[in-house]
Each structure stands twice: as C-alpha cells, then as structure tokens.
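There are 2 protein chains.
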Amino acid sequence: MSALSFEILANDPAGFARRGRMQLPHGIVDTPVFMPVGTQATVKSMTPADLTDDIQASIILGNTYHLMLRPGADLVEKMGGLHKFMAWDRPILTDSGGFQVWSLGELRKIEEHGVRFRSHIDGAEVFLGPKESMQIQRQLGSDIVMAFDECTPYPATFEEANDSMQMSMRWAAECRDHLPVNSNQALFGIVQGGMYPELRLQSLQALSSIDFEGIAIGGLSVGEPKEDMIAMLDTLAPHLPADKPHYVMGVGTPDDLIEGIDRGIDMFDCVMPSRNARNGTLFTDHGKLNIKNLCHAEEEHPIMEGCTCYTCTHFSRAYLRHLYMAKEILSSRLNTLHNLHYYCALMQRARTAIEEGNWPEFRDQFLQHYRGRA
Amino acid sequence: MSALSFEILANDPAGFARRGRMQLPHGIVDTPVFMPVGTQATVKSMTPADLTDDIQASIILGNTYHLMLRPGADLVEKMGGLHKFMAWDRPILTDSGGFQVWSLGELRKIEEHGVRFRSHIDGAEVFLGPKESMQIQRQLGSDIVMAFDECTPYPATFEEANDSMQMSMRWAAECRDHLPVNSNQALFGIVQGGMYPELRLQSLQALSSIDFEGIAIGGLSVGEPKEDMIAMLDTLAPHLPADKPHYVMGVGTPDDLIEGIDRGIDMFDCVMPSRNARNGTLFTDHGKLNIKNLCHAEEEHPIMEGCTCYTCTHFSRAYLRHLYMAKEILSSRLNTLHNLHYYCALMQRARTAIEEGNWPEFRDQFLQHYRGRA
Chain F
338 MSALSFEILA NDPAGFARRG RMQLPHGIVD TPVFMPVGTQ ATVKSMTPAD
388 LTDDIQASII LGNTYHLMLR PGADLVEKMG GLHKFMAWDR PILTDSGGFQ
438 VWSLGELRKI EEHGVRFRSH IDGAEVFLGP KESMQIQRQL GSDIVMAFDE
488 CTPYPATFEE ANDSMQMSMR WAAECRDHLP VNSNQALFGI VQGGMYPELR
538 LQSLQALSSI DFEGIAIGGL SVGEPKEDMI AMLDTLAPHL PADKPHYVMG
588 VGTPDDLIEG IDRGIDMFDC VMPSRNARNG TLFTDHGKLN IKNLCHAEEE
638 HPIMEGCTCY TCTHFSRAYL RHLYMAKEIL SSRLNTLHNL HYYCALMQRA
688 RTAIEEGNWP EFRDQFLQHY RGRA
Chain P
338 MSALSFEILA NDPAGFARRG RMQLPHGIVD TPVFMPVGTQ ATVKSMTPAD
388 LTDDIQASII LGNTYHLMLR PGADLVEKMG GLHKFMAWDR PILTDSGGFQ
438 VWSLGELRKI EEHGVRFRSH IDGAEVFLGP KESMQIQRQL GSDIVMAFDE
488 CTPYPATFEE ANDSMQMSMR WAAECRDHLP VNSNQALFGI VQGGMYPELR
538 LQSLQALSSI DFEGIAIGGL SVGEPKEDMI AMLDTLAPHL PADKPHYVMG
588 VGTPDDLIEG IDRGIDMFDC VMPSRNARNG TLFTDHGKLN IKNLCHAEEE
638 HPIMEGCTCY TCTHFSRAYL RHLYMAKEIL SSRLNTLHNL HYYCALMQRA
688 RTAIEEGNWP EFRDQFLQHY RGRA
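Top line first, the protein sequences correspond to chains F and P.
So the number in the numbering used here is just where the residue sits in the first sequence, counting from 1, plus 337.
So the number in the numbering used here is just where the residue sits in the second sequence, counting from 1, plus 337.
Hints are computed from structural coordinates only; laboratory data are not their basis.
Since we're looking at a predicted model, the values are computed, not measured.
The list cannot tell twin chains apart, which means a pair is met if one copy fits it or any two copies do.
In silico DSBU-like links for lysine-lysine, alpha-carbon gap of 35 Å or less:
#, residue 1, residue 2
1, K625, K563
2, K629, K446
3, K629, K468
4, K381, K625
5, K381, K421
6, K421, K629
7, K629, K664
8, K664, K468
9, K629, K415
10, K664, K381
11, K446, K664
12, K415, K625
13, K625, K664
Could you build the full structure based on these sequences and the hints that come with them?
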C-alpha cells in the first residue's frame with residue numbers, strides 16, 4: 338500500500354488550478370501548499386511550535402545533502418528519525434541531495450551511478466547516487482522521498498540537456514528499485530530536460546512508466562528568464578497526471594506561486610521567504626519592502642495591515658527596522674515568521690478561491706496588486 | 338504618590354532572606370526576582386510571548402546607554418515608550434547608562450555633572466549625567482529608573498573609591514531632584530564604595546537621607562574574588578532598609594543568586610544566562626554544561642531532566658549540539674529560552690522555600706548540588 342493518497346477536492350473549471358488533499362504517514366496536507374525549507378533539521382530561527390501554531394505549515398522540507406554531512410544520517414536514524422530529532426510531527430519531504438551536489442560545481446564529478454564530491458564542511462570525499470540517496474532518505478524517515486537526479490545547468494545545449502535528462506531518468510528507475518512502493522514513504526520522480534519542451538515531455542513520459550506517487554518539476558528557477566519558466570509550466574500542464582500531486586521545486590516569489598497554481602502545481606518550496614527575511618526583505622500583497630529603508634524609521638504601522646502573524650499583530654515597522662539595524666537575532670526571527678506566514682496564508686487564500694469557484698478573479702487581482710498595477 | 342509599593346510576605350526567621358511583592362505601574366513583581374536583560378529593546382532572540390508564557394519573567398531590564406544611541410530616546414518616546422515599542426506590557430527597569438559609559442574606558446571623560454564620551458556606533462560625542470539620564474529614562478517610560486552613578490573600578494585605592502563614591506552620592510541627589518517622587522516611575526539609589534566596607538556603609542547612609550523607592554548595590558562582580566563580593570553583601574545586609582527592595586546589579590551565577598537572597602537581596606539582573614546560552618553554556622541544578630562537547634553528540638536526554646521549558650520538553654542534547662555546531666539561529670534561541678527559564682524558575686523555587694519556612698535547607702541543598710558536592 339502506498340504512503341500517499343491524493344484526492345482533488347475542487348478544480349478551476351476554466352483552467353488547471355486545483356485544490357487537493359494529500360494523506361501522508363504524518364498527517365494531512367491541503368494543496369496548493371508551500372513547504373518551508375528546513376535545511377539543517379531546522380527551519381532557520383523557527384521552532385516547530387511557530388511553524389504549526391502561527392505559520393500553519395502542514396509540511397516542511399529537509400535537505401539530504403546537508404543532513405548526510407552534518408549530523409549524519411546514522412545519527413538522525415539513531416535519534417529516531419528526522420521527525421523525532423527536530424520535534425516535528427507533521428509530514429516532511431526530503432530532497433535527494435542532487436541539487437546541492439550540482440551546486441558544488443567543480444568540486445563534484447559525475448559518474449554513471451552517482452556523483453563523487455567533497456564535503457563543504459570538512460573536505461571529506463563522499464559518493465551520492467540513487468542507491469545512497471534512497472538509503473539516506475530512508476534513514477531520515479521523511480514522508481516524501483525525492484528521486485536522485487541531476488539538475489541540468491542553465492544554459493545547456495540540446496545535447497547536454499538530453500544527456501543529463503536521460504541519466505536522470507535512468508537514475509529515477511534505480512531510485513524506485515531501491516525504494517519500492519511501501520506504506521511509510523512516498524517517492525516522487527522529477528521531470529528534467531532543461532529549457533527544451535520536447536525533452537521535458539519525453540522526461541515526463543519516461544517517469545509515467547515508473548510508478549511514482551507524485552511528479553516534480555526540477556531544473557527551473559536556475560537563472561532562466563521568468564517567462565521561460567512559465568512557458569515550460571504551460572507546456573507541461575496539460576500532460577501532468579491529474580491523479581498525482583505536482584510539485585515545482587525551488588520556486589519562488591509569491592506571484593510565481595500563483596502562476597504555478599494556475600498551471601496545475603500543487604506543491605512549492607523555496608528558501609526565498611526565509612532567506613530574504615534575514616536580509617530584511619519582507620513580503621506583502623503590494624510586493625516586497627526592505628525594512629532597513631529610512632522611510633520605516635518612524636513607521637508605527639505593521640509590515641502589512643490585516644496580517645494576523647505574531648510579528649504584524651505586535652510590532653511596528655519602526656521596531657523591526659531598529660532590530661535589523663542593531664543586528665538583533667530577533668530581527669531574523671520576526672521577519673522569518675512574517676514571511677513564512679505570508680506564504681502559507683497565501684496558499685490558504687488560493688485554496689479558498691479555488692474551492693469557492695473564483696480562482697481567476699483571485700489570481701488576477703492578486704497579480705495586479707502584487708505587481709503594483711493596482 | 339510613589340510608583341512602587343513593596344510588601345514583605347515572608348522572612349527567613351534565621352537570616353535575611355525574604356519573599357516580597359512589588360506593585361509597579363505595569364504590574365506585580367514577586368521577589369526574589371531575576372530580570373532578563375533586554376539591552377537593545379529586546380532580550381536577545383526572545384519574544385515577549387516567550388518571556389511571559391515560557392520563562393515567566395515578571396520584569397525585564399533595558400539599557401539606557403544602548404537605547405539612547407540607537408534608536409534614540411526621542412524615537413522610543415515618539416513610538417509610545419519602551420513598553421509599546423517592544424510590545425512588553427509588564428514592568429521594565431532601566432539602568433542609568435553609567436555602567437556602560439564606565440566600560441568605555443579611555444573613550445570617556447568624567448566631569449562634575451556627568452560623563453562625556455564617544456558613541457561606540459558612530460563616534461558622535463555624547464554627554465550623559467544625572468540630568469540627562471533622568472530625562473532619557475523618563476522618555477523610555479520604565480517603571481524603575483536607576484540613579485546615574487560611577488561604577489568604581491576594581492581595584493581602586495581607598496581615596497579613589499572614596500572620591501568616586503562621593504561623586505556618585507552627589508549625582509544620586511541630583512537624580513532625585515530631576516525625577517521627584519511620582520506615580521509613574523520609581524527611582525533607586527545605588528550604593529558604591531569599591532571594596533571598602535566603611536565607604537559602602539557611608540554610601541548606604543548617604544542614600545538613606547534621600548527618598549529613594551529602592552536601594553541597589555552597584556560595583557560588584559567587576560573582577561573581585563567571589564568571596565569579597567559575598568563579604569560585602571554580608572557587611573551591607575544588616576543595614577539595608579527592610580521596607581525597600583534591595584537590588585544587586587549585574588550578578589550573577591545561580592549560586593551567586595542564592596547567596597544574594599540569603600543576604601536579603603530581592604532583585605538580580607545579569608547577561609550571563611543569555612550570553613552564555615549563545616556560547617552553548619547551559620545551566621542546570623548540577624552546574625553548567627557545554628553543549629558543544631562531544632559527549633552530548635548522541636545524548637537523547639534533555640539539558641536537565643524535569644525542566645519544564647520548551648527546549649527541555651521537546652529537544653535532546655544531541656539536537657541542541659547539532660544546532661550549535663551548524664551555527665543555526667535556533668541554537669541561540671533554544672539555549673536562551675532554557676537558561677532564562679532556569680534562572681526565573683530558580684527564583685520561584687527560592688520564593689516557595691522562603692514562604693514554606695525551609696529556606697536554609699533549600700539553600701544548602703541547592704549549593705551542594707550546584708557546586709558538585711552532592
């Protein structure tokens with residue numbers, strides 16, 4: 338029996354947007370959903386209580402690459418798995434480590450069964466491939482395991498993108514072999530193919546011949562123009578399996594999320610809300626603001642009027658600017674809380690809009706406001 | 338009418354320890370009490386909700402020196418005062434700035450009506466004396482204002498200590514002139530006199546001729562041997578006015594607090610629990626532990642068995658060590674939460690022991706365990 342069941346509760350009759358629900362070993366995830374990134378067994382500066390009570394996150398993402406190097410998969414397993422280790426009892430998705438290894442650039446060497454690289458922490462040589470990634474993610478005990486793939490660089494020639502995609506598809510099959518369907522962990526395959534629509538569609542077809550519980554789209558938001566990313570989602574949308582969750586990896590800004598939902602995407606993750614928070618960049622319905630700007634120095638209003646997060650219900654922009662200028666830890670914390678709350682609340686608003694049958698209006702109005710055209 | 342009323346609810350019949358209650362404009366403070374230090378309008382890494390709900394702090398300390406330089410007293414006043422600015426609705430004590438200015442060393446010049454110094458932030462020349470300190474603390478709106486004094490250096494000759502103390506006593510009278518008894522803010526005088534008992538007693542007598550709502554002991558824990566500090570508290574204890582709260586400034590370790598309570602001290606503040614937390618040093622009934630030590634790498638137990646703080650009820654030492662090694666912000670936060678909870682809970686245990694008439698037993702048992710002799 339599979340570890341994931343997925344049902345569609347509502348569709349936008351005019352398009353691809355859908356409102357769904359996943360049942361996973363550690364709980365229910367309503368989609369579309371944003372997954373805060375918990376790189377090193379912590380969503381930076383947040384406790385599990387913040388994530389559940391204030392941010393209302395239903396699932397978070399963990400990073401195989403970081404955890405395998407520190408504190409190590411053996412230790413996490415010994416401590417009862419990632420959920421127990423970090424005291425998070427809701428679902429976790431772990432990535433495969435492929436993206437981070439790819440980001441190492443010259444420090445890594447690709448072989449037929451994986452990638453050899455040096456740890457960024459202590460320089461130790463490490464090998465990571467489909468077999469190793471499945472083993473590590475099993476030790477971590479995540480609800481959703483991602484297939485090990487290569488993130489095709491951007492730009493890439495057709496041949497490079499094709500070779501890379503073909504290797505990722507061989508690896509995808511290997512991953513399923515090493516992690517057969519079971520009741521504890523679901524496995525998602527990842528569409529690659531660079532910026533070439535025909536390669537992307539071939540990749541999607543190759544994955545459909547393997548029994549994955551969900552389909553992810555990787556290799557986007559890697560430097561290409563935003564129109565190209567959206568065009569690729571347009572290409573894929575009609576072909577994504579309707580009965581499985583669709584996850585676009587590492588995307589993106591609030592408007593990217595809305596564009597993704599409009600193209601049938603159910604799941605998102607991105608470091609942007611948390612990383613930008615630490616740099617003082619805060620998200621609102623009217624776009625981003627930078628809290629360090631002098632215009633906020635005496636501003637009594639919160640980041641965003643009407644926002645129900647702890648930060649906005651307690652603190653002025655003037656106070657948040659003071660914390661940022663004084664390099665206080667609380668600055669990172671309050672900013673992160675707001676940004677993650679904003680992202681998760683935006684997904685709740687999207688779910689409601691789809692349920693209530695007014696997705697197109699919600700989408701258009703949001704994009705107009707967010708992009709400053711209203 | 339005074340801004341502070343103080344009543345003694347119980348005394349240790351065999352000594353000086355007492356359990357009291359202060360009523361201040363922003364609420365009740367049960368004593369003995371530990372006041373977490375909120376230097377720059379934030380107790381580092383903590384929200385007001387952490388401080389009230391988990392740590393159960395009833396009063397915190399704010400730093401005049403830091404706040405006057407950044408964001409500035411005018412801004413804090415404009416934002417409705419320090420309470421509103423930092424969203425803390427319980428009592429606040431502000432220090433006078435004297436200690437921080439003293440710490441600047443060669444960057445400051447003492448004059449008859451205060452100290453001229455350069456800001457550590459931007460080098461601007463600033464003058465701070467009794468008049469200015471009272472004005473700034475009025476703008477901040479703290480419940481308890483501290484007199485502006487000079488912290489006598491250690492070591493100091495008798496003459497140096499005498500001159501310094503005499504100046505502080507002149508400044509103390511000036512402070513009361515600038516901040517007469519009123520219903521919004523109480524004012525505490527500060528005993529100085531270095532390590533000379535007769536100067537300390539002279540200082541205490543000088544203060545008793547001025548109508549202060551509380552008496553503080555400054556210039557301790559500045560490098561002298563711990564026995565000397567305790568001996569000075571022994572000297573002062575029989576002479577402290579029984580009907581006013583007694584506050585020993587900048588002290589100390591958990592066992593220092595117990596020794597202080599035993600000598601009639603009601604109020605404490607110290608950066609130690611919060612600063613040490615960020616360096617991975619954690620307090621328990623059996624002394625300090627350093628979370629980065631390898632022995633904690635696979636330790637499933639919490640920092641301290643039986644501790645009811647969020648950190649101890651959710652996380653293993655192994656996880657806390659991982660966060661520390663990975664330089665995660667959450668490390669500072671969870672460690673700070675534990676240490677401040679430990680300090681405030683220790684004060685609650687002391688209050689209960691005095692109330693229940695078993696202070697000597699509690700004191701002896703605690704000190705034995707804490708100092709590793711049991």
